[in-house]
Amino acid sequence: MVKSQIMSDRSPAIEISGISKEYTLGRSTASLRESISSLFRKKEKVDSFLALNGIDFSVDRGERIGIIGKNGAGKSTLLKILSRITQPTEGEVKIYGSVASLLEVGTGFHPELTGRENIFLNGSILGMTRKEIQAKLDEIITFSGVEKFLDTPVKRYSSGMYARLAFSVAAHLEPEILIVDEVLSVGDAEFQRKCLGKMDSVAKAGRTVLFVSHNLDAVRKMCDRCVWLEAGKVRMDGSAEEVVNAYLSDIELRSEEVHPSERMDRNGTGDVRIHDVKISNPDSDLIESGRPFEVSVEYQSASADTFHCLAAVGVYKEDGTRIGTLSTRFKDELVELRNGSKLTFKVERLPLAPGKYYLNSFIGHRTEQEVLDFVERVRSFEVHASRFFSESDEIYYPYDTVYFDHKFSLE
Amino acid sequence: MGTSPIFVGMRDKPVVIWKNRRLWEFSELRKYRELFWMLAWRDFKVRYAQTFIGVLWGVIQPVLTIIILYVVFGRFAQVDTGDIPHIVYSTVGVMAWTYFAFVLSNAGNSIISAQAMIRKIYFPRIIIPLSKAVVGFIDMAITSAILVVLMFVFEVPVSSNILFLPLFIIFNVLVSLGLGILISALTIRYRDVQYVVPFAIQLGLYITPTAYPAEFAITHLPSWASVLYFMNPMAGIVEGYRWAVLGTPMPGELAWVSVISAVVLIVVGLTYFQKVDGKIADHV
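Top line first, the protein sequences correspond to chains A and B. Residue numbers are given in our numbering: position 223 of the first sequence equals residue 1583, and the series is strictly consecutive. Residue numbers are given in our numbering: position 166 of the second sequence equals residue 172, and the series is strictly consecutive.
By construction, these hints were calculated from the structure, which means they are not laboratory data.
Some chain A residues close to chain B (C-beta under 8 Å, calculated; not the full set): (1) Tyr1383; (2) Thr1446; (3) Gln1447; (4) Lys1454; (5) Thr1467; (6) Gly1468; (7) His1470; (8) Leu1481; (9) Arg1490.
Straight-line distance between alpha carbons at most 25 Å, and here's what the computed DSS-like set of lysine-lysine pairs gives: (10) B/Lys126 - A/Lys1454; (11) A/Lys1515 - B/Lys126; (12) A/Lys1554 - B/Lys126; (13) B/Lys51 - A/Lys1515; (14) A/Lys1454 - B/Lys37; (15) A/Lys1491 - B/Lys51; (16) B/Lys285 - A/Lys1593; (17) A/Lys1430 - A/Lys1677; (18) A/Lys1491 - B/Lys37.
Chain A is faced by these chain B residues, among others (derived, beta-carbon under 8 Å): (19) Val22; (20) Glu40; (21) Leu41; (22) Met44; (23) Arg48; (24) Lys51; (25) Ala122; (26) Met123; (27) Arg125; (28) Ile127; (29) Tyr128; (30) Phe129; (31) Gly284; (32) Lys285; (33) Ala287; (34) Asp288.
For glycine and all other residues, C-beta sits at the position ideal for the given N, C-alpha and C.
Taking the hints into account, I'd like the entire structure generated from these sequences.
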């Protein structure tokens, strides 16, 4: 394990020492009868697992630190502890300065209240005083772009307007330490872009940023330092470049894939689950640039109900850069999924350059807000060179990622 | 520059998470007082200000309660309330009782209904049940207005003890909050508590001397049972309200049982809340 040295002339922003968090498995609530009757029985051993197991590191003021790791490695738990949402089972955290996290966008919004009222409510939940909100009100309103609907209850807002208003309140916080959990902002590229922008401006002002992401490329660009969590422990701590590279080669080593239905590291309610994802080229055994490309996703559900869903598959480059999305949303309609449904996305001419890619698969109930199932790196695939630009010649640009179907003219 | 958010540690004096945490971090609660008022204001807006039926409902409920108590206890059972007309007598009881019932049921559910916030952001959790105490005053004000009208109509003079009324109101607030906070914390672990509460409130109206004098309990019950009766803290409080407003006899010695039981409830409520405080987000 590489441990970064804390230089004596730098002052700390966060000091984490010996943090562990234990969760009890199974139901977290009980009925009265159960707990009363358990008083008279011998204590059963309760299953528990350690989401975090002895985390130590500190972050200096002005440092931009990335946190990476697979789902279930403890990233979200760590963030919850740092933002004081939950308490660690053991250990101590010292925080020097005010903290804001972009996981709380829109928290406490009430559908019956107007946009203006919600700005005040949300602002005070985020810890701003009335005066501060008042002082920034005009800015917040302009930024949100919903001026006209300010006195309309937010239940009449479109989801886009709602999100913009929510974000503009959060964007006007001026924390000394900013926590961004990109993992939670599934599927909304606009929001992700805004988060990154906010992060950048906070970092430029010399404040501390903690960035949790699966976008390794963004971590590499935005952060000076990176901590890699694995199974609740710090696997590596060092420069962003170093840690991201080590993480990538580790993923490659584990090339044998677990079947999607057996993946444990998934998010969502699980009412409908991604059972399998298959990638194919109907014309060939290989996936090739400029050739047809099909992704079919099979779903399973324990219930007999039909779910109105938004289904999407994210296409990523091996290093985590997002390339594009195949989604049922582009037609703005919901698909009805039930046990055994199979959804196929078809691309006529695959616009990807040769290289390694992977897919994430997502199902949301009606909107992106309620996640039914989300599996990352559900399938990896390699795109092989083929004739994308002309049928006669094979042109191959090794540094490209996307091929544009294009023409040119000369005058 | 507006330094803002969530929790503010000084650069030289950090916020230490979860070590030596006391419930009454008064300085912290003070910092969050705006949130407290915002939450109370939100409840008020949502409940009354935006729906016509909300305001109407706020009036209809106490009016119906008062009428039914009058018909059942005043007419059918012919409860003797001395010089004071029964309807005025019981309206004072309703005033104290509806506040208690409102705060108890709303504070009791409050943590569960605020799950989305609790999962995402830090603030002293106790603010949520505390903020419910404010909106309850709206109902109390409506009932007091009804009481004033009734006292005017039936020409009932106001007692000079009225100066002590604020004392009983404060006591009423503390008891309602203490029990509400206990229930809100219990509901996190034991979800079925939320089904017990409405039923308990329904029964409570009868075992509290809202529409009859508490003396009945003393004269008609064996002494051990009347002690039990006064363990309901609202028994002493309702008697106190009536002494203050109408000048009925001072609450007797047994009212001390109510006081003790109120203090115990408040202490137990706060202690238990503190015990689960840091883990609330793991359960909701």
